Amino acid sequence: MSTIVETHDDHGHHGPAKGLTRWLYTTNHKDIGTLYLWFSFLMLFIGGAMAMVIRAELFEPGLQIVQPEFFNQMTTNHGLIMVFGVIMPAFVGLANWMIPMQIGAPDMALPRLNNLSFWLLPMAFGILISTLFMPAGGPNFGWTFYAPLSTTYAPDTVTFFIFSVHVMGASSILGSINIITTILNMRAPGMTLMKMPLFVWSWLITAYLLIAVMPVLAGTVTMMLMDIHFGTSFFDAAGGGDPVLFQHIFWFFGHPEVYIMILPAFGIVSHIIETFSRKPIFGYSSMVYALTSIAVLSFVVWAHHMFTVGMPLAGELFFMYSTMLIAIPTGVKVFNWVATMFRGSISFETPMLFAIAFVSLFTIGGFSGLMLAIVPADFQYHDTYFVVAHFHYVLVPGSLFGIIAGVYYWLPKWTGNMYDETLGKLHFWLSFFSVNLTFFPMHFVGLAGMPRRYPDYALQFADFNAIVSVGAFIFGFTQLLLLFIVIKSIRTGKKASDEVWEDTKDWGLEWTLDSPPPYHSFTVQPEVK
Amino acid sequence: MKDSKQTVKKLALLTVGMFAFAFLLVPIYDVFCEITGLNGKIEGPSTLSSVNIEEVDKREMLIQFVTHNNEAMPWTFTSEISQLRIKTGVQQSVMFVFENKTSEDMVGQVIPSVSPGRGAEYFHKTECFCFEQQKLLAGERVELPVVFIVDPNIPLDIGSLSLGYTLFDITDQLSENQIAAL
Chain A
36 MSTIVETHDD HGHHGPAKGL TRWLYTTNHK DIGTLYLWFS FLMLFIGGAM AMVIRAELFE
96 PGLQIVQPEF FNQMTTNHGL IMVFGVIMPA FVGLANWMIP MQIGAPDMAL PRLNNLSFWL
156 LPMAFGILIS TLFMPAGGPN FGWTFYAPLS TTYAPDTVTF FIFSVHVMGA SSILGSINII
216 TTILNMRAPG MTLMKMPLFV WSWLITAYLL IAVMPVLAGT VTMMLMDIHF GTSFFDAAGG
276 GDPVLFQHIF WFFGHPEVYI MILPAFGIVS HIIETFSRKP IFGYSSMVYA LTSIAVLSFV
336 VWAHHMFTVG MPLAGELFFM YSTMLIAIPT GVKVFNWVAT MFRGSISFET PMLFAIAFVS
396 LFTIGGFSGL MLAIVPADFQ YHDTYFVVAH FHYVLVPGSL FGIIAGVYYW LPKWTGNMYD
456 ETLGKLHFWL SFFSVNLTFF PMHFVGLAGM PRRYPDYALQ FADFNAIVSV GAFIFGFTQL
516 LLLFIVIKSI RTGKKASDEV WEDTKDWGLE WTLDSPPPYH SFTVQPEVK
Chain B
4 MKDSKQTVKK LALLTVGMFA FAFLLVPIYD VFCEITGLNG KIEGPSTLSS VNIEEVDKRE
64 MLIQFVTHNN EAMPWTFTSE ISQLRIKTGV QQSVMFVFEN KTSEDMVGQV IPSVSPGRGA
124 EYFHKTECFC FEQQKLLAGE RVELPVVFIV DPNIPLDIGS LSLGYTLFDI TDQLSENQIA
184 AL
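The listed protein sequences correspond, in order, to chains A and B. Per the numbering used here, the first sequence starts with residue 36, numbered consecutively. Per the numbering used here, the second sequence starts with residue 4, numbered consecutively.
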């Protein structure tokens, strides 16, 4: 990513600084985007290593490798790191790189805030991961940290966990303020809201969701902090509080959070599908309205995560129907992606392969979500591996494939070098095969009654769990191939053209820039007609 | 390009507002549960009296009493009787026994819950120890009454109500001065 300042730029000193301070002090959207993406990549391997520990333990019944206490720390930290340390920072990294380039702006609106948002993250995760090396052990109460497990019965390190959540929340909020301000105020002349690229739209909505719910998460952990250290009883029944209240507040944050982790992928995939189908996206405005309605609905469905707490029938019916309603805008999106591909002249480069896998496998995750929305069925599925299969289908071949697709799609633009297409395809097919091998059998063991979050299981689940573990190992090690492909492309990849793919120039402002783009994207704003 | 200051101000305000909203959810939740009777939450002493209720409206019901100690609470806590046939609209009294068999002075607190939750709003207690902090010296034993009356308007499909009490040890949550003042 050693961008050389173009000769037409009179201010030669506007290039990146040299050495480590470039990354510490940088206010450049591309540098910060790069930092976010590498941070997310590092966290993917840390969180992935934890998943490997989990799957190694679950390879056969009985306790072989780790003790239950440590197993609980692994599941908890795997979840926290993958959600807050991988998926979210990767999307913010893509937003940093692409939003100014897609809306024709020179940089983000608040560059110094941008620097702060990023550097808060290593601190937050440094604190979180450090707890694993403390005598009391790291958080072990599941990534949803239900009270009183996370208050009365928590290890002493829970205070570090709370502080770490505060810091990562602050990072997300600052990042979102920056993104919204950039999108609302810095678009190129002529780019009305309804002419914005879909990735920008998806991020505008995601950023609003983040600002609406990250403070609620901060409030939740603050209440926990007060219960633990200051003698309040928000979640403690002994003092008149209520543990079920915790679940309500948590999932009021948690459900919009679920869409925070998928909406930007919707945007990325829309661009990739139109590029490689060589057709503009089908139903642009319905795509925008679908995004908006998914976001609005996400605030009124939270209790479907907690059907079994003992809600009245009216509540269960309300949350069941409102949840099912979300299938409509989501269905519109899937329909539009398929309609875009229909009669297009499709070619199957790596980003397109990941995008198509995204559409089909995310839909499987969506369908199992619909099954879980049905109250009577949910009583059986609740807290089984069926739920694990469901959310991994929407998060791994969903969000993560969306991110990987975006990385392959824009990497030649960022670095100016093509990646190795053969290796890219190998990476895709290995990932596609192993992701299904990992998560599909989980549906079956879940339906058969295997509960989640345990280090051991009944004998009849042994075969499927062995298959799942093999799939997980293949998937985990396949991602090292991605690391190799990215490094190879940066160091020795062959030059990419400015358009990178075929005829992209008309479709997005980012393709009108050089490959790699200048350090400040658009010093003169282009006119959008 | 437009000025960013206004946008940032609005967004910062939204952030602060949502943080406050998280705390607002606590009273909203309580009020919501009280109005709908969810969670079996019941209000404090009531003024419903058996005097002005007509005989024809009264019917028989079964009331069951469940006592439960939260985790490490060492007191014995029982009700005098485990169930009682009552008539709606007629005031009844049941004694509950608390005994601190340990060698230390302790403070306990009882949290009530009525199930089914729909019945909670018809269950009125005119005298109760619930929500009060109860201090027992080492070895001390007390009997405390619950006086209640069931509203005759209770839906016909509810044939019995159970009144659950959970006893919590709150000694550690209070300061020495607070304990001495009890």
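FYI, nobody ran anything at the bench for these hints, they're computed from the structure. Some hints could be false.
As the list claims (entries may be wrong) - Partial selection, computed: residues in chain B whose CB lies under 10 Å from chain A:
| hint | residue |
| --- | --- |
| 1 | 22 |
| 2 | 25 |
| 3 | 32 |
| 4 | 33 |
| 5 | 106 |
| 6 | 109 |
| 7 | 132 |
Stated by the list, open to error - To give a feel for the contact side, a few chain B residues facing chain A, derived at Cβ under 10 Å:
| hint | residue |
| --- | --- |
| 8 | 23 |
| 9 | 70 |
| 10 | 112 |
| 11 | 141 |
Because the structure is a prediction, the values reported are computed rather than measured. Built from N, CA and C at the ideal position, the CB exists for glycine as well.
Going down the list of hints, with the structure as the test:
With a cut of 10 Å, the hint placing residue 22 of chain B at the interface with chain A holds, because the nearest CB-to-CB distance is about 4 Å. Taken as an interface hint, residue 25 of chain B checks out: its beta carbon lies about 3 Å from the nearest beta carbon of chain A, inside 10 Å. Because the closest C-beta pair between residue 32 of chain B and chain A is about 5 Å apart, less than 10 Å, the hint holds. This hint holds: residue 33 of chain B has a C-beta 8 Å from the nearest C-beta of chain A, less than the 10 Å allowed.
Hint on residue 106 of chain B is violated. Least Cβ distance to chain A is approximately 22 Å, over the 10 Å limit. The beta carbon of residue 109 of chain B is not positioned within 10 Å of any beta carbon in chain A (closest approach about 13 Å), and the interface hint is therefore violated. Below 10 Å, beta-carbon pairs count as interface contacts, and residue 132 of chain B has none with chain A, the closest being about 14 Å; its hint is therefore violated. The closest approach between the C-beta of residue 23 of chain B and any C-beta of chain A is roughly 8 Å, which is under the 10 Å cut-off, so the hint is satisfied.
The beta carbon of residue 70 of chain B is not positioned within 10 Å of any beta carbon in chain A (closest approach about 15 Å), and the interface hint is therefore violated. At about 6 Å, the closest approach between the beta carbon of residue 112 of chain B and any beta carbon in chain A falls short of 10 Å, and the interface hint on this residue holds. Evaluation of the residue 141 of chain B hint against chain A yields a violated restraint, the C-beta minimum of about 21 Å exceeding 10 Å.
Hints 5, 6, 7, 9 and 11, counting from the list given before, are not met by this structure.
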